[in-house]
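Chemist: In case you want the letters, here they are:
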Amino acid sequence: MKRTHIAIIFFIAVAIGAIMVTINDASTYVGFAQAEENMGTKYTVIGYLDKEAAMDYDARANRFTFTAIDKEGQKQKVFYNQPKPQDFERSEEITMKGFATDSAFMAEEILMKCPSKYNEQNEIAGYETY
Amino acid sequence: MEYIGEHLLPGEIGRFSVSLAFAAAIIAFIAYFLNSRSEDDRYLKVARSAFLAHSVGVLGIVLSLFYLLLSHYFEYDYVWQHSSLSLESRFVFSAFWEGQEGSFILWLFWHAVLGLILLFTARKWESHTMMVFSAVQAFLASMVLGIYPLGVKIGSSPFILMRETSDNIGLPWTQIADYLERFPHFMDGSGLNPLLQNYWMTIHPPTLFLGFASTLVPFAFAVAALIKGDFKSWVKPAMPWAFFSVGILGLGILMGGAWAYEALSFGGFWAWDPVENSSLVPWITMVGAAHLLLVYRNKRTGLKAAVFMSILTFLLILYSTFLTRSGVLGDSSVHAFVDLGLSGQLLVYLLFFTLASFGLMIWRFKKFPKEDSGDDLSSREFWMFIGSLVLLISSFQIIFSTSIPVINKLIGPEGLIQILNDKMAPPLDAIKHYNSWQLPFSIIIALLIAIGQYLRYGKTSSTLFWKNISVSLALSLLITGIFAQLYDFWTDPLYLSLLLTGFFAAVSNLWFWLVLGKAKWTFAGSSVAHIGFALILVGALISNGRKDIISHSKVNLGESLPANENALMDQGDTVEMGKYFAVFEDMDTVNNKQFYSISYFNQIGESEPLFRLKPFLQMSDQMGPTPNPDTKHFWDRDIYTHVTYSSYLEPVSPDGFGNEAEVRLNEGDTALYRNHFIIFDKNKVNALVNEETGELKTIMLTAELRIVNAMGTEYPISPAFIVEDDIKEYRDTTLEAPRLKFRFEDIDYDTDEIILKAWTKKDQREKPFIVQKAIIFPMINILWIGSILMVIGSFIAVWQRIKKA
Chain A
1 MKRTHIAIIF
11 FIAVAIGAIM
21 VTINDASTYV
31 GFAQAEENMG
41 TKYTVIGYLD
51 KEAAMDYDAR
61 ANRFTFTAID
71 KEGQKQKVFY
81 NQPKPQDFER
91 SEEITMKGFA
101 TDSAFMAEEI
111 LMKCPSKYNE
121 QNEIAGYETY
Chain B
1001 MEYIGEHLLP
1011 GEIGRFSVSL
1021 AFAAAIIAFI
1031 AYFLNSRSED
1041 DRYLKVARSA
1051 FLAHSVGVLG
1061 IVLSLFYLLL
1071 SHYFEYDYVW
1081 QHSSLSLESR
1091 FVFSAFWEGQ
1101 EGSFILWLFW
1111 HAVLGLILLF
1121 TARKWESHTM
1131 MVFSAVQAFL
1141 ASMVLGIYPL
1151 GVKIGSSPFI
1161 LMRETSDNIG
1171 LPWTQIADYL
1181 ERFPHFMDGS
1191 GLNPLLQNYW
1201 MTIHPPTLFL
1211 GFASTLVPFA
1221 FAVAALIKGD
1231 FKSWVKPAMP
1241 WAFFSVGILG
1251 LGILMGGAWA
1261 YEALSFGGFW
1271 AWDPVENSSL
1281 VPWITMVGAA
1291 HLLLVYRNKR
1301 TGLKAAVFMS
1311 ILTFLLILYS
1321 TFLTRSGVLG
1331 DSSVHAFVDL
1341 GLSGQLLVYL
1351 LFFTLASFGL
1361 MIWRFKKFPK
1371 EDSGDDLSSR
1381 EFWMFIGSLV
1391 LLISSFQIIF
1401 STSIPVINKL
1411 IGPEGLIQIL
1421 NDKMAPPLDA
1431 IKHYNSWQLP
1441 FSIIIALLIA
1451 IGQYLRYGKT
1461 SSTLFWKNIS
1471 VSLALSLLIT
1481 GIFAQLYDFW
1491 TDPLYLSLLL
1501 TGFFAAVSNL
1511 WFWLVLGKAK
1521 WTFAGSSVAH
1531 IGFALILVGA
1541 LISNGRKDII
1551 SHSKVNLGES
1561 LPANENALMD
1571 QGDTVEMGKY
1581 FAVFEDMDTV
1591 NNKQFYSISY
1601 FNQIGESEPL
1611 FRLKPFLQMS
1621 DQMGPTPNPD
1631 TKHFWDRDIY
1641 THVTYSSYLE
1651 PVSPDGFGNE
1661 AEVRLNEGDT
1671 ALYRNHFIIF
1681 DKNKVNALVN
1691 EETGELKTIM
1701 LTAELRIVNA
1711 MGTEYPISPA
1721 FIVEDDIKEY
1731 RDTTLEAPRL
1741 KFRFEDIDYD
1751 TDEIILKAWT
1761 KKDQREKPFI
1771 VQKAIIFPMI
1781 NILWIGSILM
1791 VIGSFIAVWQ
1801 RIKKA
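For the protein sequence lines, the chains are A and B, in the order given.
Position one of the first sequence corresponds to residue 1 (this note's numbering), numbered consecutively onward.
Position one of the second sequence corresponds to residue 1001 (this note's numbering), numbered consecutively onward.
The reader is advised that the hints may include incorrect statements.
[Stated by the list, open to error] Calculated pairs, DSS-like style, for lysine-lysine (alpha carbon to alpha carbon, straight line, at most 27 Å):
#1 B/K1409 - A/K42
#2 A/K2 - B/K1367
#3 A/K97 - B/K1432
#4 A/K2 - B/K1370
#5 A/K77 - B/K1459
#6 A/K51 - B/K1728
#7 A/K75 - B/K1366
#8 A/K2 - B/K1459
#9 B/K1757 - B/K1767
#10 A/K42 - B/K1423
#11 B/K1409 - A/K71
#12 B/K1614 - A/K97
#13 A/K97 - B/K1370
#14 B/K1761 - A/K97
#15 A/K77 - B/K1423
#16 A/K113 - B/K1153
#17 A/K77 - B/K1761
#18 B/K1124 - B/K1299
#19 A/K75 - B/K1423
#20 A/K113 - B/K1757
[Said to hold, decoys possible] Pulled from the structure, derived: some chain A residues nowhere near chain B, Cβ distances all over 10 Å:
#21 V30
#22 A33
#23 E36
#24 N38
#25 T44
#26 Y48
#27 D56
#28 E72
#29 G73
#30 K75
These aren't lab readings, by the way, just hints derived from the structure by calculation.
The beta-carbon is built from N, C-alpha and C at its ideal position, and this holds for glycine as well.
Same shape as in the complex, but just chain A (with noise of 0.2 Å):
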């Protein structure tokens, strides 16, 4: 057998390694209710904001505070130890990394999805019906 050979069957051990490893990194999508169940674990949850629920930003403290609806419909307060991202009233959509604690879930880092322009683009034009 060849040394290229060889190395080519190395190249695709590592590969191999490559994919198990993230999937055992990739964490998977998770409601608050199996967050809370592993309390203190990493998880990402994806909710939106809600907006009946009042939304609260701590700059003394440095604290945000909201209230998410994950995608089974869960209410859950969240706590975000970093400011308030831009125009976080406007988002679709929230991804949140972090655990639970007895009291709120912690984020540790926050996506948003915000509407694109198109929508926005949408309602105007819409309003100026006759």
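Fit chain B to the supplied structure of chain A, relying on the hints for placement.
Modeler: Structure of chain B alone, referenced to chain A:
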């Protein structure tokens, strides 16, 4: 119906140009195909004229879109969405390629330019390579066609009027002839995303897209070689293009990093974001392809790998386009494009070229010439081959992790074949995940770069090898020792290994060029590029591995919470930041930017600050306030700061109330605001009817609510609003003791909810404050110097190859 005030001609020219470009590309493809079969010169003439006509069409598209943007014709959807009257004209380029259609056009344009060069220079390779080019161009031009044959959307046109978009068609206002004059909406566009109003955004996209486009040339040559069955002579003309691609794509990616560092606030130049990854991966495979071509040219070995990597690179560009533009990445990336409904078309595009090119390779597999491979362990070609394999694994790992959303679509719980029970999410700590793989790969690559030049093709004498390399090894051990001491790398074996191999690679390549290459310019290309790449690795390692966040919050919320990396700064107060003392001085508003002036002192009580930074928040209706960092550059470190929040953002009404909150309540609902419960009991309506006409004259709505504080004290309130002759008047309720104010804003008749606004009284003596994040990036200049050297080196290599070819 005749519409008033529309400028239809430039749009017509644009649409005609798209059709011309599309049709001419197809004709060119067919003619080149016939020419490649029959070698009949008449077909070649037709093909060339068709490709020239195609290029004219592409130019026509570019010019008409620029004309529309510069003339502010907001009746065009693309112009309205991506520009505005207030947009400075130097940003019109950014507006051009902000949207997907514009970036497809940019890509089309570069392909046309490269195609023309190839048309005149490729000689006996012309008909085969240009056939590939024409096919690619036909597909690309179809992305901006914007037609709907049989109800299927093909492409999205930038020359469509707003009244013609599928969302607006049929709406009543599109039937009004003078709609442009009647609605203020059309007077001005919605404007360019403020993040893109940066000079990097003027030069980064065209460079990156030239990089994308350049990968087509080696691909076209490889495919041409497969079709012709001529495996030998394609390498020579393809090689300068491969190195050009390495240089220009690398430059484009690095410019993106520089833009992120300068204008974005995610705190660094690289974040392993899917969009970044999808341009990095083809670059890595292109580096592999270029080196394999070099091996084949010198040793006539490893041809299959060279063909494979050249093809793979272009396919990865197509795959990246699919990833970033199909909306697949929606959940996982901050800056993926929105879906324009073109994902099906992109998928067809990707599958067509994947099946065609790999199909050709399999079909020709037996025809590949036999190679005698004496892959000696001391030969240069063996280690270059290993290096290319490492690059391939590295790119595979990145693209696999980036593709998690695609994997969900394929085998997730809602996917095509349902294998997984849960939807996979990208790794929680993406940076850690990627670094844990890419760090070892970088160490191997750096080591290979260090020794590569000292190995010979065929066989290397070990005494000579050690004699030549020993000085570099000793020198780099010394330099590594100094840096490890300065930046405390001793306890981290992986980091230390990369530091050592990185310096080793830089020093040995410099030594090779100075001593063995006698510092001749004709010899410099590979050495300079390799030194540059090694310095990028070292610079990234030190600046990111030893970055120091010097802003900290004094409030500690709990041990389990991540440390808060933002410092609160009251105006005029001194705040300790690392070894500096920072003072937030004041805020100036210039246009729609709020500049925050922050002074940094070495010691408390100094009269003159060491330096002053002015990070700003850009206000826009579209995006809200957008932070823009400001950085102090020292030769050995950068202090990178941005404002994450400021008291100027809190809405304060003239009567001194702030912290506005809005809540929607149904009868019986309870809400919480500033430690007070708000309970909505009922809604009362009082209407006054004009007795003569029977019309509603005045209507007053009152919401009866109770505010309960933590002690249980109840305050009944009844804010109201009156509508009289279409004028709305609020009767707000102010509570003196808890210092709260409430407004009954409106009622939602669909859900029967009331919309209530609440404010708290702001302390008048309260000083303005900001929340700031500050990071020190040590030795980041090594990274930038490395970037420049790598690009220069690649271009010297291209120049050398062209001279040889």
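Chemist: A/K97 and B/K1432 were given as a pair; does the straight-line alpha-carbon distance stay at or below 27 Å?
Modeler: Answer holds: A/K97 to B/K1432 is near 15 Å, not above 27 Å.
Chemist: Would the non-interface assignment of A/Y48 survive a Cβ cutoff of 10 Å against chain B?
Modeler: 13 Å, holds
Chemist: Determine whether the non-interface label on A/E72 survives the test: each CB of chain B must be over 10 Å from its CB.
Modeler: Since the minimum Cβ distance to chain B is about 13 Å, A/E72 lies beyond 10 Å and the statement holds.
Chemist: Does B/K1761 pair with A/K97 here, judged by a C-alpha cut-off of 27 Å?
Modeler: 34 Å, violated
Chemist: Given the proposed pairing of A/K75 with B/K1423, does the C-alpha separation stay at or below 27 Å?
Modeler: 21 Å, holds
Chemist: Is the nearest CB of chain B more than 10 Å from the CB of A/V30?
Modeler: 7 Å, violated
Chemist: Holds or violated: B/K1409 and A/K42, Cα atoms, limit 27 Å.
Modeler: Holds, at about 23 Å.
Chemist: When you check the alpha-carbon spacing of B/K1757 and B/K1767, does it fall within 27 Å?
Modeler: With a Cα-Cα distance of about 25 Å, the restraint between B/K1757 and B/K1767 holds, given a limit of 27 Å.
Chemist: Minimum C-beta separation from A/T44 to chain B exceeding 10 Å: can you confirm that?
Modeler: 4 Å, violated
Chemist: Does B/K1459 sit within 27 Å of A/K77, going by the straight-line distance between their CA atoms?
Modeler: 67 Å, violated
Chemist: Checking the smallest CB distance to chain B, is A/G73 really beyond 10 Å?
Modeler: Check passes; 17 Å lies beyond 10 Å.
Chemist: CA of A/K113 to CA of B/K1757, is that 27 Å or under?
Modeler: With Cα atoms ~25 Å apart, A/K113 and B/K1757 stay inside 27 Å; holds.
Violated hints, in rising order: 5, 7, 12, 13, 14, 21, 25, 27; the structure is consistent with all others.
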